[in-house]
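Novice: The chain contents come next:
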Amino acid sequence: MQPQLNITEPTRAAATATDLKMETRGLSVYYKNFRAIKEINLPVYENRVLAIIGPSGCGKSTLLRALNRMNDLVPGARVEGEVLLDGENIYAPGQDVVDIRRRVGMVFQRPNPFPMSVYDNVAFGPRLLGIRKKSVLDEIVERSLRAAALWEHVQDKLGQSGMALSGGQQQRLCIARAIAMEPEVILMDEPTSALDPMATLTIEDLIQRLKENFTIVIVTHNMQQAARISDFTAFLSMDEDRAGYLVEFGPTVEVFTNPKEKLTEDYITGRFG
Amino acid sequence: MQPQLNITEPTRAAATATDLKMETRGLSVYYKNFRAIKEINLPVYENRVLAIIGPSGCGKSTLLRALNRMNDLVPGARVEGEVLLDGENIYAPGQDVVDIRRRVGMVFQRPNPFPMSVYDNVAFGPRLLGIRKKSVLDEIVERSLRAAALWEHVQDKLGQSGMALSGGQQQRLCIARAIAMEPEVILMDEPTSALDPMATLTIEDLIQRLKENFTIVIVTHNMQQAARISDFTAFLSMDEDRAGYLVEFGPTVEVFTNPKEKLTEDYITGRFG
Amino acid sequence: MPRTVLETELKNLKSEVLELGQRVGEAMLNSIEALKHRDVEAARKIMEDDKKINEARFEIERATLIVIATQQPLAHDLRLLASILDIAGELERMGDYAKGIAKINILMGDKPLLKPLIDLPRMAEIATDMLRQSLVAFNNDDAETARQIPQRDEEVDALYNQIYRELITFMIQDPKTIDQANYLLWAAHNVERMADRVTNICERVIFTATGEIVELA
Amino acid sequence: MPRTVLETELKNLKSEVLELGQRVGEAMLNSIEALKHRDVEAARKIMEDDKKINEARFEIERATLIVIATQQPLAHDLRLLASILDIAGELERMGDYAKGIAKINILMGDKPLLKPLIDLPRMAEIATDMLRQSLVAFNNDDAETARQIPQRDEEVDALYNQIYRELITFMIQDPKTIDQANYLLWAAHNVERMADRVTNICERVIFTATGEIVELA
Amino acid sequence: MASSSTSLRRKLMRHLQHGDVLWWALLLLSAVVVVVLVLWIAWQLWVQSAPSRHAFGWDFIWPWVKSVWNPALDKFQAWPAIYGSLITATIALVLAVPLALGIAIFLSELAPAWLRAPLNYMVEMLAAIPSVVYGLWGIYVFLPLVVVPIGKALEPLGSVPGIGIFFKGPVPASGFTRLGAALVLVIMILPTIAAVSRDVLQAVPRSQREAAMALGATQWETVWKVLIPYGQSGILGAVILGFGRAIGETMAVTMVIGNSAGGGYSILKPGYTMASIIANEFAEAVSEMHTSALMEIGLVLFAITLLLNAFARWLVVNRTIKRA
Amino acid sequence: MQSIYEHVDLQSNYRRRKIVNKIMLTLTGLTVALAVVPLVWITVYVLLQGGKYLNLDFFIHLPAPMGMTGGGVLNAIEGSAVMVLLASVIAIPLALLGAFYLLAKPSTALAHALRFSTDMLAGTPSIVIGLFGYAVIVAVQKHFSAFAGGVVLAIIMLPVVLRSAEEMLKLVPREMREGALAMGAPEWLAALKVVLPAAAEGIITGIMLGIARAVGETAPLLFTALGNDNYEIGKIISDGLRYHQSIGKIIGTIFAQPADALPLTLWKYAQQPYQERVHQAWAVAFVLMLFVLGLNIVARAWMAHRRRKLFG
Ligand SMILES: Nc1ncnc2c1ncn2[C@@H]1O[C@H](COP(=O)(O)OP(=O)(O)OP(=O)(O)O)[C@@H](O)[C@H]1O
Ligand SMILES: Nc1ncnc2c1ncn2[C@@H]1O[C@H](COP(=O)(O)OP(=O)(O)OP(=O)(O)O)[C@@H](O)[C@H]1O
Ligand SMILES: [Mg+2]
Ligand SMILES: [Mg+2]
Ligand SMILES: O=P([O-])([O-])[O-]
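Residue numbers (this note's numbering), protein chains in the order written: chain U, 1 to 273; chain X, 1 to 273; chain D, 1 to 217; chain R, 1 to 217; chain E, 1 to 324; chain Y, 1 to 312.
These are calculated hints, taken from the structure and not from any lab test.
Just so you know, not all the hints are guaranteed correct.
Said to hold, decoys possible - As a list, the in silico EDC-like pairs of lysine to aspartate or glutamate whose alpha-carbon atoms are at most 16 Å apart: (1) Lys142/Y / Glu288/E; (2) Lys268/Y / Glu284/E; (3) Lys18/Y / Asp99/X; (4) Lys38/X / Asp239/X; (5) Lys52/D / Asp39/R; (6) Lys260/U / Glu215/R; (7) Lys18/Y / Asp239/X; (8) Lys260/X / Glu212/D; (9) Lys52/R / Asp174/D; (10) Lys176/R / Asp174/D; (11) Lys51/R / Glu215/D.
Claimed, not checked - Taking beta-carbon pairs under 10 Å as the criterion, some of the chain X residues facing chain R (in silico): (12) Gln109; (13) Arg228; (14) Met238; (15) Glu240; (16) Phe249.
As the structure is a prediction and not an experimental result, all values here were calculated from the model.
No residue lacks a Cβ here, since even glycine has one placed at the ideal position from N, Cα and C.
Chain U extracted, bound-state conformation (with noise of 0.2 Å):
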């Protein structure tokens, strides 16, 4: 007899997982003729949480920046295989990458909050879309704000400079300014790994309550950090040519207790990475 797995949050959440908001196929990225990942399949299911994990260097910053074409902007990068986004291949020609930014957003390690008010922040994105309205942008960046659990914070001083912010908030304030594009997946590259402890605990409950509208998938160096927030979890490691793959994906609960490879468990239990 097999118990159901376990009562927590997130296992319950993988036990029920249906739709695929993104998903890559045969994914590989070449910097000029290195290539940093090879064919990775990976499913990204829809309000979940998925956290990639791997030693340094085995290509989860590639991965994930592959998932918006944020590599474009790399010189040298080329992408082979295919990442669909609600089925549509984003690298397919004709498609607009601006579009694809908007809704893949993506928040960084270190918080990086625009050189401007708290309201500039959050308006920048909507004011890029072409949005003028003072009442609409005011609705936006409140919405916004609150969504990042940053409003009553700071309410009384959205003409205060962003970078005036603690390092945490500064944090809120770059996931607020990605929520007011209205994205549907949120991409995060170890973005508590700046951050002190506690302040790392407010982003973790975030997180969990931001899965209820969007898809997330987050980078950690943290295997607890991983088991704590996520729903599924993908390993990644390296092969002899330092091509990073897919070494195992699966829900969280059961790669963390019992992964079915033994590279995972090595690196899971810190002897190997």
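Given the coordinates of chain U, assemble chains X, D, R, E and Y with the ligands onto it according to the supplied hints.
Specialist: Using the frame of chain U, we list chains X, D, R, E and Y with the ligands on its own:
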């Protein structure tokens, strides 16, 4: 009936600690007019690991640096009270600060090898002390590197720059450099916070081994780390004037499983900080 | 105050424990009820249901371990989680006692009872009520109450001794009853053990709340 | 390969478990030996020693929880620690059975035995050997062996049934023996329960090694 | 909300993205312009100096003892000017570097907080004072009050065999001498070297300082054995920068060096530097050959700049690679 | 473990080290004293001496004929202003765009060439830049001009502004630019709206330093702007208006004439045998120094202001 506390190494060690290596008595440190820590009475037991924890800015580093008079370097810093090293007040007039720093070594947050060869890094201190003989230096270097669990990795590249090592190795080099002075106490200020999880584990291992020969005081932000590696824990917090004071001191397992103070409990469970 | 994830997990786990306790209490009362009415069908059902209790306990255990390993709880949180682990174990054992009584019911075949059961149901009621109380104390992190509960174990012990003497008397008077009397003795023993287990739960509650390890027995 | 601290802790914990198992096995054999020779002094000693077993179990439990909370183990390490928690609990319960037998010895007063004990010691030996084997399997992370061990439970059950029938016969033949026969029945029951508990340990060993949850009973 | 008129906005965004073509073109253009500018300067100097180069070849810069610089004869040999540049710059450097290092150490390590800010400010101000101001001050204050007495004190060295030729007196009463130029240069390059060295020392991570201190090093040992070695390439860079400044400095030197072609090797005599001879003669150059010769001096100065820069770059690259 | 230091005489060693320490630290202090003396001397002397000869005429009149008393340096003030303005207009955009290029493509061959060229420009003696200006403008146009002076000053400003701008832009976290791009902003918008404001205070400081440098330059103007005692913009404009010239034509005239500049005037006056002129040279020195000082103070104040606004 109170069962013996615990079978893990640290507790056993705590239970048998007897010799006082250092002690602060009514120690306050001022920066100009700002009192950073106030009236701290803290024992440091010989051949034990003492962890200092507390919220950011509560004066952990200040306290640590008061133990080898590193605060002397800060303009405007002033010390009240006593710090006893083997019963003698290191702040007494006539005390030789250079000698105190030899006896109380220090390892910093970010690995800071000098930009010279591995050998010269370790030989730096002994040379200051006037040792010039190659054979003696050779012996010190080897012994120190062995003690820092680095000898096997670097014995073939002693001439190579210390900055060419990996982060964790650099930190161990810094530990070797400190050991070469044959200190009695080693102070460490968040020695792993700039390292990746793997390197962190290596350093933690090392600390466990070092306490056989040295007394160790370590500041850390990572509660689990303190719980893992220390025999005693001191928890500092700030009062209304932002002066740091000692909230609780005790054997680590006691402090982490059953703290006496509500404040300690809130802090270590992540409810405040 | 952050740590809402941990808080939520703890709340969930606590309510899972309460639910498990609820179920175990019911299993115990039902098994005695079934015995009272020699209802073998009901007994089978109880034995069947015990699997669910075991599963629930496994679930709690795994979830708890994962919370410990990932949320890095310390102090009160850690003590609470340790207690949850332990209490879930105790509850499962209590479930086993209920199952044991159901099994006795089945083993006794279709023989009618020697006499109507009165003391045994009374005992089970007290034990179950103690369990309920201890879980309330657990839920409220209430060491004071937890200290009181085990005192009621005396009532249970008294009833047990009474039953014991009565059944031995039966056996001596009529060796044909030895079989059944022995079975009933088992059943009473099981109920008595259950009350003992409640004491353990109370100890855990005190440990959680205060960090003290006391022996209440 | 770093993690030597975790490795050391795990090794320590494992050997603490083995030591506890050793002690429990001895307690069981001793309690039967004492019963066999109606040695009340020895029985008292065993009851006294059970406290140490309880303490050792508490120690293991606390140490394990701290390792889990601070070393952040996952996968095999976490399963192993979970199993240690559980096995320590099982061992403590086995210790209770030994203690129970010692208590019976004392309660039986100074009456001589109805008959020399033969099957009961045999049963205890088998159960203790099963325990030993299961702990070896635990130590070697050996799921294969763990799967075999519970099969020997049949021998134990057979012996128990034999003892049961024999004692019931005694009781029926001579109601004066009811008291003692009942006590001996308890003792046999305790040994049988011990063997059952070994099965649980084996299940844990399999879980640790493979991550599978199986029911061997 | 945002989805109502998405297609229109998409068009807008695409339009904005197309601004990038213009943007990249601008960036590329400006980069190219700067590079071409430097090449153009080199090319102009090369072309403009052609007559002189063809006429004199390497003789132009050869260290002839009896060099001729005679516009009337249209014969030009630049050695005296080159010598003047080298000797003034070298003396300036030898004197300025230890002083500058001392200042840098004091500013970054020793100065009490209240003194640090004003001293820093002063160093920065002085680096910014226009060189003509130094020249003016040099002529009317520094030469008579400082250089002349020092020169007089050095005159006796003129009879020491070997080094005597460098100290042949007598010192002119005006003080217009190579020594005067060198000493003014000391003051002028001092803030440059000191400021850069101070920045270099301050850029040494605090952790290096603390590491040394925690090992029981004294303050001086920390500076000497850790900070300066750590910043050595930066400090060497500062020295090179100072040397470049000294070689290329025009106005102040022109105003105090006396502008005369004679003087042999003595530092107590007036002379020329490469820069000062251009400043002094170019506007009045009559013949094409004269202009061309001055252009060739410009070319030499440019070549020296090129070498110094290449050296500095090599130094940086080499050090970074070694350290990594 | 046997101590290595057992047989080392630590005490006498400590004593020796402490003495060395004292001596060397004292020496450092002395160097500062030695250096500060002449530096203070210059400043104070120039300010005192120059202040003495300063008056209103100095700012509003053209120079009096040689040997006469009175007159001012209006021509030089206007010439400096015109040429520095032209230099800024040319150099600042070029420098900023170059810096952005370096930021965007830090390791292309062109980037390396650009960096090296910038260093070359910064290191090339200004007199050589003057030669270049003469060769490509004056010699071609066959007359000296404010235009030629402005261009050479631009070449001198260019590396100062470009290098400080590059440093400042590099300090802006990479994530900031990527953050904007990740939202679908085009490169130019990310650069101008996000990166540039983040680096603004440093860049503006760099620009001010560049201007200060250009204002004080003499050598390159010697044979480009040459000098012009009668340079008077007011007159050029009123003349232009009188003859109904177009604005373009007027501006052309302003730049086509030879012009004077403050340092140029100083250099000329300093060497003239007339006391009056030498006094005016001191006054010019005073003005130049004050300008440099003022610009530095403004630059610092500006930096502090921006920092407060941005970083709270
Ligand atoms: N722009 C680039 N040009 C060339 N190689 C690159 C580039 N970016 C990354 N790489 C290489 O690609 C590989 C994967 O890099 P990536 O940053 O994706 O790793 P990662 O898993 O995110 O590592 P980390 O955990 O250190 O962030 C590495 O070997 C890296 O050196
Ligand atoms: N050199 C200094 N001058 C003035 N105040 C200082 C100085 N160093 C530290 N402080 C102040 O003293 C207090 C304690 O600082 P300290 O660095 O000891 O804290 P900490 O506990 O180590 O913090 P963290 O966890 O951030 O390292 C803080 O309020 C800090 O601002
Ligand atoms: Mg990465
Ligand atoms: Mg600190
Ligand atoms: O489950 P028991 O320990 O009472 O046999």
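Novice: Each hint: holds or not?
Specialist: Hints, verified against the model:
{"no.": "1", "hint": "Lys142/Y / Glu288/E", "verdict": "15 Å, holds"}
{"no.": "2", "hint": "Lys268/Y / Glu284/E", "verdict": "14 Å, holds"}
{"no.": "3", "hint": "Lys18/Y / Asp99/X", "verdict": "12 Å, holds"}
{"no.": "4", "hint": "Lys38/X / Asp239/X", "verdict": "10 Å, holds"}
{"no.": "5", "hint": "Lys52/D / Asp39/R", "verdict": "44 Å, violated"}
{"no.": "6", "hint": "Lys260/U / Glu215/R", "verdict": "21 Å, violated"}
{"no.": "7", "hint": "Lys18/Y / Asp239/X", "verdict": "40 Å, violated"}
{"no.": "8", "hint": "Lys260/X / Glu212/D", "verdict": "11 Å, holds"}
{"no.": "9", "hint": "Lys52/R / Asp174/D", "verdict": "43 Å, violated"}
{"no.": "10", "hint": "Lys176/R / Asp174/D", "verdict": "12 Å, holds"}
{"no.": "11", "hint": "Lys51/R / Glu215/D", "verdict": "11 Å, holds"}
{"no.": "12", "hint": "Gln109", "verdict": "20 Å, violated"}
{"no.": "13", "hint": "Arg228", "verdict": "4 Å, holds"}
{"no.": "14", "hint": "Met238", "verdict": "26 Å, violated"}
{"no.": "15", "hint": "Glu240", "verdict": "32 Å, violated"}
{"no.": "16", "hint": "Phe249", "verdict": "19 Å, violated"}
Violated hints for the displayed structure, listed by number in ascending order: 5, 6, 7, 9, 12, 14, 15 and 16.
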